[in-house]
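Visitor: Taken in order, these protein sequences are the chains called C and L.
Position 6 of the first sequence, counted from 1, bears residue number 9 in the numbering used here, the numbering being contiguous throughout.
Position 284 of the second sequence, counted from 1, bears residue number 287 in the numbering used here, the numbering being contiguous throughout.
None of these hints come from the bench; they were simulated from the model.
The hints are all genuine.
Treat identical chains as interchangeable: a pair holds within one or across any two.
Here are the computed lysine-lysine pairs in the DSSO-like style, where the Cα-Cα straight-line distance is at most 27 Å:
1. K324 to K132
2. K324 to K125
3. K8 to K176
4. K50 to K312
5. K84 to K292
6. K77 to K292
For clarity, every value in this text was computed on a predicted model and none was experimentally measured.
Number of protein chains: 2
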Amino acid sequence: MLEYKLIKKSSKCNARRGEITTAHGKIQTPIFMPVGTAATVKTMLPKELEEIGAQIILSNTYHLYLRPGHELIKKAGGLHKFMNWNKPILTDSGGFQVFSLNNLNKITDEGVNFSSHIDGSKHFFNPEKSMEIQMALGSDIAMAFDECAPYGADYNYTVSALNRTTKWAKQCKEYHHHDYQALFGIVQGGMQKDLRKRSAEEIIELDFPGYAIGGLSVGEPADLMLELQEFTAPLLPENKPRYVMGVGTPNYLIEGVRAGVDMFDCVLPTRLGRNGGVLSHNGYFSIRKAQYFDDFTPLDHECDCYVCKNFSRSYIRHLIKSNEISGFRLITWHNLYFLISLMEKIRKSIEDDEFETFATRFLAKYYAQSV
Amino acid sequence: MLEYKLIKKSSKCNARRGEITTAHGKIQTPIFMPVGTAATVKTMLPKELEEIGAQIILSNTYHLYLRPGHELIKKAGGLHKFMNWNKPILTDSGGFQVFSLNNLNKITDEGVNFSSHIDGSKHFFNPEKSMEIQMALGSDIAMAFDECAPYGADYNYTVSALNRTTKWAKQCKEYHHHDYQALFGIVQGGMQKDLRKRSAEEIIELDFPGYAIGGLSVGEPADLMLELQEFTAPLLPENKPRYVMGVGTPNYLIEGVRAGVDMFDCVLPTRLGRNGGVLSHNGYFSIRKAQYFDDFTPLDHECDCYVCKNFSRSYIRHLIKSNEISGFRLITWHNLYFLISLMEKIRKSIEDDEFETFATRFLAKYYAQSV
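Go ahead and model the full structure; you've got the sequences and the hints to work with.
Guide: Have a look at this one:
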């Protein structure tokens with residue numbers, strides 16, 4: 004089950020305020036989804052995700068299949084119960100990880116042979132297997148098994164990946180059956196607009212309850228990524244949610260919303276957090292820099308999160324330099340809050356039809372990198 | 004400032020229920036102090052320490068001196084403010100770490116030359132330096148700079164370490180001056196009862212507001228440790244707090260309380276937590292074992308902590324096997340809660356003069372290792 008309700012559209016761009024209803028509750032869109040690869044959003048516990056306002060998280064099919072195994076999670080009563088998260092979960096198809104984490108994979112129209120990045124053991128994924136795993140996990144939103152052609156792939160290869168993506172999407176749809184889980188289709192087509200258009204048409208033809216734009220943010224220049232996002236999003240039906248996969252820098256999120264995208268996910272805030280990278284209203288900075296040694300101000304002067312209200316840059320820098328888990332926790336917490344509260348402000352601005360003003364002001368400050 | 008109030012004594016052993024008043028609040032004893040080596044109790048945030056009932060934490064002078072430096076912490080307004088912990092803090096003298104983390108140290112009556120375990124840089128600690136650092140940190144309880152002779156040291160060496168400990172304790176007392184910080188003396192004397200007695204007499208002669216028993220749990224057999232603890236604790240004044248340093252297994256805590264000890268600290272619950280080691284009412288076990296793969300019950304069936312109420316052994320095992328920080332967090336949380344709530348039960352049992360019954364029952368179950 005999945006319903007999308009369009010609440011309000013911007014009068015100046017494609018930005019839209021919506022609401023998605025899933026089996027585990029409603030999601031207010033546009034939304035940023037924290038990534039919980041191995042059934043945990045790294046360093047964060049479920050109650051903390053709730054505290055910072057996370058409405059839905061993403062988990063990775065590839066990782067959970069390999070460890071601890073989808074059968075165990077099914078036995079536990081599904082992923083929600085296993086990890087003690089009672090709000091919506093989206094699972095990816097496993098395809099992207101199979102391609103990006105395994106350089107020995109072998110792709111045919113039948114599926115993909117690959118080796119585990121954990122122990123080198125041999126495995127095979129195809130559309131049916133991806134559906135089987137995602138149904139066992141019991142996520143609210145499953146993704147169709149697709150092929151994301153690598154950045155730099157030539158036109159012919161991009162066409163063949165597109166064709167496989169359409170073929171596999173049909174197989175996924177035929178095989179997929181679940182009480183409440185909704186299955187989204189994925190648009191591919193590489194860096195070519197004609198192929199993006201063709202892929203969108205073929206996937207929409209299959210009538211999924213939601214659509215994702217895959218294959219972006221895979222190494223291409225920022226301008227090209229933004230151009231393709233802007234081009235592709237409006238090709239998707241207005242009465243269904245639109246999701247751009249793997250995108251999560253603040254500026255990309257704002258541009259995505261402007262293009263009409265409703266859902267985003269990215270490992271950026273969590274991965275940066277473990278390396279001392281801070282997202283702020285004044286741009287990105289590394290807390291490791293010597294200048295923060297005796298800086299007793301908060302990470303972000305405009306942020307009202309728990310971390311910014313209670314800890315200084317000096318203290319957090321000390322923790323990161325000392326390789327202390329508490330340091331990884333504090334920055335991850337702030338970064339996630341930063342993106343989640345950014346989306347909340349974006350939603351409010353769309354409701355008030357002030358999105359363009361908000362976006363312009365935010366980006367001007369963000370790009371100024373005054374920190 | 005520091006006051007000790009004896010509230011109740013067991014009618015059957017030396018166990019005692021007391022209250023220590025410090026500048027940052029009162030501490031109910033007997034108490035277990037979580038260790039926050041680098042100005043953080045590993046994986047835990049201050050609000051979580053409060054949530055599990057921690058009343059006081061210990062932090063390490065040696066580590067904070069090397070990184071980020073006591074001058075920075077002084078500039079931040081002291082350790083409490085730097086790390087956002089508003090309850091009492093005890094700092095050790097740095098001596099134990101200088102001896103145990105540096106095999107190139109050189110000890111004379113004047114002090115200890117040592118190399119940093121971080122970057123190999125050369126440093127010198129003496130009683131005055133230890134006092135200077137601890138005063139800058141602004142802990143509620145500082146410890147005198149002592150020499151802990153290594154386990155296996157011969158009689159003559161143990162005597163010379165004892166003599167230095169007394170000499171240095173005098174120097175610490177003369178040099179120490181702080182608005183609110185109390186300075187505790189430390190009893191050494193190795194594994195020899197006559198030397199323990201002599202050290203206790205010499206240190207008590209100097210009249211500190213509290214006394215620690217150092218040099219235990221340094222590699223000696225458990226029986227010897229318990230015998231020396233039982234022998235030494237009653238030598239200390241009844242109207243001052245007694246603290247056994249570096250001891251934290253549940254059975255040692257109970258035996259220590261029985262001997263009349265009020266305060267304990269140990270890295271055990273936090274260190275075990277990061278390795279998958281779980282403390283429970285049925286003894287210690289490693290969550291890594293295959294038998295917990297599909298065990299959907301809590302870590303400890305008798306525990307009512309947040310972790311045991313919300314997560315299964317199966318899930319926590321998965322996190323630990325995946326090297327996920329959330330896994331380290333969950334076990335650390337439980338282990339600390341386990342020891343802190345054990346001490347709470349001990350305090351209650353002393354109030355009711357039921358300590359011996361409680362201790363016997365707890366130990367019988369704990370030693371049965373039925374998990």
